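Novice: Residues per chain are reported as follows:
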Amino acid sequence: MANVLIVDDSRTSRKILRGILEENGHVIVDEAVNGQEGVQKFQACKPDVVTMDITMPVLDGMEALKMIKALKPEAKVIMVTAAGQKNKMIDCIKMGADDFLTKPFDKAEIATVVAKMSN
Amino acid sequence: MFDQIFGNYLVYAGRISKEQLTEVIEYEKTVRVKLGLIAVAEKLMTSAQADEVNQLQAIMDKRFGDIAVEKGYLTEEQVSQLLKKQGNIYMVFVQTLIDKGFMTLDQVDAALNAYQEEQGFTHSDMDDLVSGDVDRTVKLFLPANEELNDRLCGIAVRTLLRIIDSSAYVSKAYFVDELSADNFAMQALEGDHKIISGFAGTKDSLLAIAIPFAEEEFERVDLDALDAVGEFTNCINGLFATELSGEGIDIDMVPPEFYENPVVLKGKQFCVFPITIKDSVINFILSVGADISIN
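Protein sequence lines, in the order shown, are assigned to chains A and B. Residue numbers 1 to 119, in the working numbering, belong to the letters of the first sequence in order. Residue numbers 1001 to 1295, in the working numbering, belong to the letters of the second sequence in order.
A few of these clues could be false.
Simulated crosslink set (PhoX-like; lysine-lysine; CA at most 20 angstroms straight-line) [stated by the list, open to error]:
#, chain 1, residue 1, chain 2, residue 2
1, B, K1194, B, K1018
2, A, K66, A, K86
3, A, K107, A, K46
4, B, K1018, A, K86
5, B, K1062, A, K86
6, B, K1034, B, K1071
7, B, K1029, B, K1084
8, B, K1278, B, K1172
9, B, K1194, A, K88
Worth flagging that the hints you see were computed from the coordinates, not collected in a lab. In this text, all values refer to a predicted model and were calculated from it rather than measured experimentally.
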């Protein structure tokens, strides 16, 4: 079980992700609607795992990833991407992303990836 | 999709009632089961494999049979045998109309001819329509010679059929410079191509996408419902970007935008592709290479 911070500008995605994670026994410690808020809440609630959408207004997920890794290199950050963001995925790996989830969400994939991070 | 397109034409033309069409389509579901179910019943796949392929269909713009072959669960030969067992939708639809006494074969034939003439379809177009193949059917309703436009519209319809409602159907797409809508969710794509795509609705029609996608009972098209439509648009665009990236074309998605109140979309010959989902008509909007201003 992990304490998870969900960072996504889409309410729909946050709700779906929260539902699947809670179903798998994880605790959602907070939600953020853009990268800037995500970094702030990461510092405030110190989650075990962060799920970070890539495409967001104000501060996108890649910038937020960079900032979180600078604050805490061992932070577990799972990037959430729409299919078709392969180039960005490569950049995220270079920045230290720990894993990826693809939209639309696949329940089994989410359970596996988050469980792996929390172990 | 043939049954919905031709069936709704029959209702529009006064050949059958809406209730009779519903009865025919409900009956079809009992005699024409999904490919995955047949594969499991025939012991060619396990139910876990069928579930896995169904899940993958949500994130891949591919047919059940194609994914099952790629995964090594079925051979191409087995897929064609399963498709034969499933039956052609045209045959099932016409046979049901006749068996239920709603129309005679001659009346169906005459209605098909009238429909062909009204739509301006060739014999080859009609072959595509009755084939039951979604790709061949969708192409008939798209404007020709607009490659990126047609590809993205095709992905939008296939994704909608897979994720939102398998009984949705399309009407002929058209180009306009201006369109009024009660609400609109859109996403811009940047990079090697500048594209704007989204869904425009009247009254609460966009709930037909928002409710099944978010699995939430929205009462009206508010910003939360539009967020769900925007996320669905994002999924479509992601699949499109994946397809193009395989050809070395790079496009990127920016965050979706929502318009909760009536708007006028103004652009340069953008495409409007009407899609009917459970009696609600929504418009898939697509502008390739030109901006759309929203007032």
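Novice: Taking the hints in turn, state whether each one holds.
Specialist: Verification of the supplied hints:
no.: 1; hint: B:K1194 / B:K1018; in the structure: violated, 42 angstroms
no.: 2; hint: A:K66 / A:K86; in the structure: holds, 18 angstroms
no.: 3; hint: A:K107 / A:K46; in the structure: violated, 25 angstroms
no.: 4; hint: B:K1018 / A:K86; in the structure: violated, 46 angstroms
no.: 5; hint: B:K1062 / A:K86; in the structure: holds, 19 angstroms
no.: 6; hint: B:K1034 / B:K1071; in the structure: holds, 18 angstroms
no.: 7; hint: B:K1029 / B:K1084; in the structure: holds, 16 angstroms
no.: 8; hint: B:K1278 / B:K1172; in the structure: holds, 18 angstroms
no.: 9; hint: B:K1194 / A:K88; in the structure: holds, 18 angstroms
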